[in-house]
Amino acid sequence: MAACYALGWFLKTLIVPLARALAVVVIETVQASSITVATGRRPEGRPTGLLLNSLKPFLQTSFHTANSPFPAPGPLRVASLSGRVSVCVLAPEQSSSRLLCLVFNTDRVFWLSSHKVKMSTFEKECSTEKQANVQEHLQNCNLPPNRQFQRPTSRVPTQRERLAEAKRLEAWSKNLKLSKQDINLYRNSHKHNICLDMLRQGYHRSFSELTNLILNWNAVREASGPGSDIWMEEPLDKQHDKLDHLQYFLIRAEAAQRAGKFEEVYNNQLSLACYFKTVGDKLLSDHFFQSCLSTAEMITPEGHQKAAEAHANMGTAYEEKGQLDKAAEHYEIFHQLTVGKPWHDENGCCHFAQACANLWRIYTLLADEQLENEQYKEANKSLRKAYDIAKEGGDKKMELAALYRVALGYLSAGEPDTAIGFLQTYLELSKSMDDDISLGKTYEALAKALISTGHSAEALEYLKQFLALAEKIDDKQSLVDACRFLGIMYNNLGQYDVACKYIWQGYEIAMTLGDLHLLEIMQVNFGIFKAHAMMTIYCHHVEAAGHSNLERLVTWKDSRKDTFNDRITEANEPTDHVIKYYFRNKLNKFMSKFMRM
Numbered sequence: 139m140a141a142c143y144a145l146g147w148f149l150k151t152l153i154v155p156l157a158r159a160l161a162v163v164v165i166e167t168v169q170a171s172s173i174t175v176a177t178g179r180r181p182e183g184r185p186t187g188l189l190l191n192s193l194k195p196f197l198q199t200s201f202h203t204a205n206s207p208f209p210a211p212g213p214l215r216v217a218s219l220s221g222r223v224s225v226c227v228l229a230p231e232q233s234s235s236r237l238l239c240l241v242f243n244t245d246r247v248f249w250l251s252s253h254k255v256k257m258s259t260f261e262k263e264c265s266t267e268k269q270a271n272v273q274e275h276l277q278n279c280n281l282p283p284n285r286q287f288q289r290p291t292s293r294v295p296t297q298r299e300r301l302a303e304a305k306r307l308e309a310w311s312k313n314l315k316l317s318k319q320d321i322n323l324y325r326n327s328h329k330h331n332i333c334l335d336m337l338r339q340g341y342h343r344s345f346s347e348l349t350n351l352i353l354n355w356n357a358v359r360e361a362s363g364p365g366s367d368i369w370m371e372e373p374l375d376k377q378h379d380k381l382d383h384l385q386y387f388l389i390r391a392e393a394a395q396r397a398g399k400f401e402e403v404y405n406n407q408l409s410l411a412c413y414f415k416t417v418g419d420k421l422l423s424d425h426f427f428q429s430c431l432s433t434a435e436m437i438t439p440e441g442h443q444k445a446a447e448a449h450a451n452m453g454t455a456y457e458e459k460g461q462l463d464k465a466a467e468h469y470e471i472f473h474q475l476t477v478g479k480p481w482h483d484e485n486g487c488c489h490f491a492q493a494c495a496n497l498w499r500i501y502t503l504l505a506d507e508q509l510e511n512e513q514y515k516e517a518n519k520s521l522r523k524a525y526d527i528a529k530e531g532g533d534k535k536m537e538l539a540a541l542y543r544v545a546l547g548y549l550s551a552g553e554p555d556t557a558i559g560f561l562q563t564y565l566e567l568s569k570s571m572d573d574d575i576s577l578g579k580t581y582e583a584l585a586k587a588l589i590s591t592g593h594s595a596e597a598l599e600y601l602k603q604f605l606a607l608a609e610k611i612d613d614k615q616s617l618v619d620a621c622r623f624l625g626i627m628y629n630n631l632g633q634y635d636v637a638c639k640y641i642w643q644g645y646e647i648a649m650t651l652g653d654l655h656l657l658e659i660m661q662v663n664f665g666i667f668k669a670h671a672m673m674t675i676y677c678h679h680v681e682a683a684g685h686s687n688l689e690r691l692v693t694w695k696d697s698r699k700d701t702f703n704d705r706i707t708e709a710n711e712p713t714d715h716v717i718k719y720y721f722r723n724k725l726n727k728f729m730s731k732f733m734r735m
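Just so you know, we're using our numbering here: the sequence shown kicks off at 139 and counts up by one.
Misleading hints may appear alongside valid ones.
Quick list of in silico lysine-lysine cross-link-like pairs, DSBU-like style, CA-CA up to 30 Å [unchecked claim]:
| hint | residue 1 | residue 2 |
| --- | --- | --- |
| 1 | 515 | 479 |
| 2 | 614 | 602 |
| 3 | 459 | 376 |
| 4 | 479 | 523 |
Across the chosen pairs, the derived CB separations fall in these ranges [stated by the list, open to error]:
| hint | residue 1 | residue 2 | range |
| --- | --- | --- | --- |
| 5 | 308 | 362 | 53 to 63 Å |
| 6 | 486 | 591 | 44 to 54 Å |
| 7 | 661 | 612 | 17 to 27 Å |
| 8 | 362 | 569 | 46 to 56 Å |
| 9 | 327 | 361 | 36 to 46 Å |
| 10 | 534 | 612 | 21 to 31 Å |
| 11 | 350 | 401 | 23 to 33 Å |
| 12 | 369 | 327 | 18 to 28 Å |
| 13 | 428 | 307 | 50 to 60 Å |
| 14 | 315 | 365 | 21 to 31 Å |
| 15 | 362 | 412 | 20 to 30 Å |
| 16 | 362 | 311 | 49 to 59 Å |
| 17 | 320 | 467 | 19 to 29 Å |
Read the hints as simulated data drawn from the structure, not as lab findings. Quick caveat: nothing in here was measured; it's all calculated off a predicted structure. Cβ coordinates follow ideal geometry from the N, Cα and C atoms, glycine included.
Could you build the full structure based on these sequences and the hints that come with them?
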């Protein structure tokens, strides 16, 4: 009975006040870990830190007794874990884990028990998101008690507020009605949604063309393989901007086709072709340019302006791909359709002038290929066609360029007389237009043609005029060319000193241009002309065969020192020992090299 009275007095005087301060106290020991005391929500107005500080002596004496299974605890640490208060009693490693639970209420003690627990229970409690920063919270134990646990900054909503919020969300969910189509926008791919939209609206041809384009485009991409330009792009069904443009204009084109408005169909296809050309998709742009050509043939008004534009676009497409023959065919049709027609494009350019310029350009490109393959007759025919088209277009600059190319073509083919006739015409046109650059090119070409015919004197006159004109307009490149050609001319005429003078002048000008290849050409020419200049004197000394002549020849062979132009005096009469000394010296050098080997 005395023991019961003592226990009751103990519970009344010590445990009950502590229970009123703490809602739940859980003391947990963990294998290779610590003992944790967790408390529930503290009563209002009671500083939890002070209560826990008062619990320290109780905890330290309660769990370390003679019969206690727990070892001597370490220092206590207080921290806040998700609204609870933890008191950690550090303990050494143990072979078993036990849990001692003291469950309190503000009025009475419910139960007191001791249980064995597994390690996973502790891990589950300490690994939740709410307790992710345990170590950070434990470090706050060194703060003063009034700063260990801050008051919450947000207010807990009341029951009335929670009910009102639930009603508001329920009303919002009822008003938010998503159709099946809205759900598919997020569930399906962009290509799938576009195809469904086309079929839902009844545009089956647009759907078929879109799917075929995607299949063909992806097949070309796979065939090109890694490293190609098209391989660097995503598959067409993943390029949303292109799919959107295709859907919009294909639907409009099909609707216009059903209504018999083929001009509107043409405009929509042309818009697609121009868009894909802008973004650099040659495959799709060429496809829609071809579609424009097919649609333009169905347009009934007289003149066939749309057909002419379509052929021009197809010619440009083939020219960009390097298929010059097919490009020439479309440009010729474009030219035939625009003859005598006052058609203009959106920028105000005349279609006929464009047709002439396109044909002149494509014929010139064809001639260049033929000249590379040494097909001179075919090249001259193409150049004559280009010249005739340029004259028909009425553009004098284009006519001059075509005439110059014709002259050069005949000159390359070995027909200098025909080339001179075209160059004379070119010279007259250049003088009438006061085009100094064209005049310089004419003088240069005429000089080349006259040299081929053996009229060197006339060629020199044209080259001197070319040099004077280049100095007048301060064209350094033309100056270098004029000096080089004059040097070559005088070298061929045997006037080596004059040739060296002109070539050195051109070399000094070439040094200011920074063109390494041109500089090397001038250096080689100067070396050749200088050698030719020495050749005459060298041959004279060889033919004379005197002792002084032989001495100078030997000196030049040994040291490359030019003493050929020095005056021969009696004091300089050579002796035979000079030649012997030279050959003896050469023999000694050879033997020394042989011995080192």
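Status of each hint after checking the structure:
1. 515 x 479: violated, 34 Å
2. 614 x 602: Holds, at about 15 Å.
3. 459 x 376: Between residue 459 and residue 376 the Cα gap is close to 26 Å, so the pair holds against 30 Å.
4. 479 x 523: Answer holds: residue 479 to residue 523 is near 22 Å, not above 30 Å.
5. 308 x 362: 53 to 63 Å: holds, 57 Å
6. 486 x 591: 44 to 54 Å: At roughly 48 Å between Cβ atoms, residue 591 and residue 486 fall inside 44 to 54 Å, so the hint holds.
7. 661 x 612: 17 to 27 Å: holds, 24 Å
8. 362 x 569: 46 to 56 Å: Given about 54 Å between the Cβ atoms, the range holds.
9. 327 x 361: 36 to 46 Å: violated, 24 Å
10. 534 x 612: 21 to 31 Å: holds, 25 Å
11. 350 x 401: 23 to 33 Å: holds, 25 Å
12. 369 x 327: 18 to 28 Å: holds, 21 Å
13. 428 x 307: 50 to 60 Å: The hint (50 to 60 Å, Cβ to Cβ) holds, given that residue 428 and residue 307 are roughly 57 Å apart.
14. 315 x 365: 21 to 31 Å: About 51 Å separates the Cβ atoms of residue 315 and residue 365, which means 21 to 31 Å is violated.
15. 362 x 412: 20 to 30 Å: holds, 24 Å
16. 362 x 311: 49 to 59 Å: Since the Cβ atoms of residue 362 and residue 311 sit about 51 Å apart, the hinted range of 49 to 59 Å holds.
17. 320 x 467: 19 to 29 Å: violated, 52 Å
Consistency note: the structure conflicts with the earlier hints numbered 1, 9, 14, 17.
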